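The hints should help you fit chain B onto chain A, whose structure is shown.
There are 2 protein chains.
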Amino acid sequence: MNLPASPSADTPLSYRAAGVDYELIDPLKVAAQRAAAATATQLQAHGFREVGESRGESAYVVDVGPFYLASIVECLGSKALVADEMARLTGRSWYDAIAQDTIAMAINDLITVGATPLVVQAYWAAGGSDWFGDATRAQALVAGWKQACERCQVAWGGGETPALAGIVEAGRIDLAASCTGLVNPKERLTLGDKLGPGDAIVLLASSGIHANGLSLARKLVERLPRGYLTPVQAGLGYGEALLAPTLLYAPVTEALHRAGITPHYASNITGHGWRKLLRHPKPLRYRVHTLPEVPPVLRFIQQQAQMDDHEAYGTLNMGAGFALFVPAAQAQRTVEVAAAQGVAATWAGNVEAGDKELLIEPLGLRFAADELQLR
Amino acid sequence: MNLPASPSADTPLSYRAAGVDYELIDPLKVAAQRAAAATATQLQAHGFREVGESRGESAYVVDVGPFYLASIVECLGSKALVADEMARLTGRSWYDAIAQDTIAMAINDLITVGATPLVVQAYWAAGGSDWFGDATRAQALVAGWKQACERCQVAWGGGETPALAGIVEAGRIDLAASCTGLVNPKERLTLGDKLGPGDAIVLLASSGIHANGLSLARKLVERLPRGYLTPVQAGLGYGEALLAPTLLYAPVTEALHRAGITPHYASNITGHGWRKLLRHPKPLRYRVHTLPEVPPVLRFIQQQAQMDDHEAYGTLNMGAGFALFVPAAQAQRTVEVAAAQGVAATWAGNVEAGDKELLIEPLGLRFAADELQLR
Chain A
2 MNLPASPSAD
12 TPLSYRAAGV
22 DYELIDPLKV
32 AAQRAAAATA
42 TQLQAHGFRE
52 VGESRGESAY
62 VVDVGPFYLA
72 SIVECLGSKA
82 LVADEMARLT
92 GRSWYDAIAQ
102 DTIAMAINDL
112 ITVGATPLVV
122 QAYWAAGGSD
132 WFGDATRAQA
142 LVAGWKQACE
152 RCQVAWGGGE
162 TPALAGIVEA
172 GRIDLAASCT
182 GLVNPKERLT
192 LGDKLGPGDA
202 IVLLASSGIH
212 ANGLSLARKL
222 VERLPRGYLT
232 PVQAGLGYGE
242 ALLAPTLLYA
252 PVTEALHRAG
262 ITPHYASNIT
272 GHGWRKLLRH
282 PKPLRYRVHT
292 LPEVPPVLRF
302 IQQQAQMDDH
312 EAYGTLNMGA
322 GFALFVPAAQ
332 AQRTVEVAAA
342 QGVAATWAGN
352 VEAGDKELLI
362 EPLGLRFAAD
372 ELQLR
Chain B
2 MNLPASPSAD
12 TPLSYRAAGV
22 DYELIDPLKV
32 AAQRAAAATA
42 TQLQAHGFRE
52 VGESRGESAY
62 VVDVGPFYLA
72 SIVECLGSKA
82 LVADEMARLT
92 GRSWYDAIAQ
102 DTIAMAINDL
112 ITVGATPLVV
122 QAYWAAGGSD
132 WFGDATRAQA
142 LVAGWKQACE
152 RCQVAWGGGE
162 TPALAGIVEA
172 GRIDLAASCT
182 GLVNPKERLT
192 LGDKLGPGDA
202 IVLLASSGIH
212 ANGLSLARKL
222 VERLPRGYLT
232 PVQAGLGYGE
242 ALLAPTLLYA
252 PVTEALHRAG
262 ITPHYASNIT
272 GHGWRKLLRH
282 PKPLRYRVHT
292 LPEVPPVLRF
302 IQQQAQMDDH
312 EAYGTLNMGA
322 GFALFVPAAQ
332 AQRTVEVAAA
342 QGVAATWAGN
352 VEAGDKELLI
362 EPLGLRFAAD
372 ELQLR
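Order-wise, the sequence lines are chains A and B.
In this text, residue positions in the first sequence follow my numbering: the first is 2, and each later residue adds one.
In this text, residue positions in the second sequence follow my numbering: the first is 2, and each later residue adds one.
Same shape as in the complex, but just chain A:
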């Protein structure tokens, strides 16, 4: 008999083994991207035009005259499954944190282009009407959503709360957020045209796994002696550590604007981990000399999944939730402005002329340009 290999603590755990097969998704993505790009001309009928450089970036930007309009829709992913399991184990709801995660997925992408987020819409698709009948959980979701909006100074415009039995699994919820904002004044547009040698790389701290890498993290649970209750450090269980909500970086980017600092580029570090530092198409070398602290839960995942540093930094955020590329003369001030907003920041390295690559010197790692394919 051929049985499927079951995961064991002896073998490394890869992202693919955790069930995400990008090779099946990618042809559709490419076709969709091509079709989407072809619709840009439609804006001419309204006297507007797309900012073509925003295609392939984290938010889509349209020039509407007095300012740029930026918009996005983003999915939470599978983190809600961890919340569900932790609710079963602990008897409390974690959906206040999950709400913040969902909003962070949208807002942290939107701000990369220099936009001020203004309106968030909620997309809460449950597996049945009964999901909403758990008042404690529902109120936690509402309260967390409101709080995250207030932290980012956005208006919660409304949204959808469909019951989708037969599409969403019973007892589950598919969470997403759309966000609309303005780049105002237009000089705040951050699409990397000024990115170049001499820029500093400032990394904003993450709170943990954020909302990327959860497929891997959930797969790992099967190997842990006490599952989600396995301690990652004294007093902190794996599940609880995973559920630390994604940090919201809009307060930092808005504070930078008030401080007169306009980043040359910004990258939200989500899927693909630190490879996202290579996001911009320009041929530039990114040399990292100083590492931010690694949250215990990420160090724990790396160890338990037997990932080497190259795989860990190429998959997880490893303590860096967001990257700002600013003129070196403004790097120290950028760190201070972030700290004043309660977000630890590290002047981690610099941008140089050279082949497109990322060098993480303290670990002796190199990521080549072809290790990130986003476009």
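In short, the hints are calculated from the structure, not lab data.
Do not take every clue at face value.
One copy or any two copies: either way a pair holds, since identical chains are not told apart in the list.
[As the list claims (entries may be wrong)] EDC-like, lysine to aspartate or glutamate: derived pairs with alpha carbons at most 16 Å apart:
hint, residue 1, residue 2
1, LYS30, ASP131
2, LYS30, GLU161
3, LYS187, GLU255
4, LYS30, ASP135
Predicted model, so just to flag it, every value in this text is computed and none were measured.
Chain B only, in chain A's frame:
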């Protein structure tokens, strides 16, 4: 033994029996609406303000100075399940139509406030990577999405294509769209402040069930001798008729603007059927004297589900996909402008001073104000 009653052709079929329980969803909705409304003050930090009258309307509106910004996220609902079953029965993909349905859900709501839709974002959350591996289906979805964007002259900005195993059911997809637009010039804002006695009710034709009432329509299949292949008229099967894509009304509202007609109010007729004519909070009587043609599939559903006219018109669109309230002097011209865009329209009735109610005179029906609770 107590067995649950199975549906039979002898008993009427209600919406609740089809599995949607609004009483479980509504407390959450109310809590969310309250929390959302409280976030409006956040816009002050950016020098903007919400248009408070848009709360409770179909799209959220913010005053950003030179124009109003409108945004929305909308879900397709369960229509994709019909497409899946029809693909199994017929061997072809119906996702080109489903794509249009999804976009229509967002765009037809956005335009009610007078906005020109500019950008659509795609939210395609599949039950696993393998959903995207069916190239025919995936290409149909992409092609239909692009075509609907072009028909509405919007740019397809991008979107999300997550694989959500464990949240979305295997083999299924959760489809939604967000849309952002501008009310420009600001005089196009349509929130009903001018709605009043003397206005005409112009109804734009629907193509069938659109994307509302599908829970009921799917439940009904269990009663039909040949299921989705049961003819609703010669040469047209039930499943195929259900999958006629939702009409896109943005070309009509844009053409009306070019013709110098600014509706006093607009209502997208989705869930709650014709009760949506009572949407605006003003105390006004809506008297309908002329009915649009009822699409065969809706007449068929009414008959098979043994719905009386009151239930049918209070649940389904019954041939009216969108309602425009215009000055009576512009009613005939409105009908002509819609027709020039390929959308049949009917001057169906008038708005009067009086108690808030909807009178459908040709059928002797009355809907009182308390039969629609949206706010």
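Hint by hint, here is what the structure shows:
Only between protomers do LYS30 and ASP131 lie at most 16 Å apart by alpha-carbon distance; the minimum there is 13 Å, versus 34 Å within a single protomer. For the homomeric pair LYS30 and GLU161, the shortest alpha-carbon distance between copies (9 Å) is at most 16 Å, but the shortest distance inside one copy (25 Å) is not. In this assembly of identical chains, LYS187 and GLU255 lie within 16 Å of each other by CA distance solely inside one copy; the values are 14 Å within and 28 Å between copies. Taking the shortest Cα distances, LYS30 and ASP135 sit within 16 Å of each other only across copies (13 Å), while inside one copy they are farther apart (36 Å).
In summary, the structure agrees with every hint in the numbered list given earlier.
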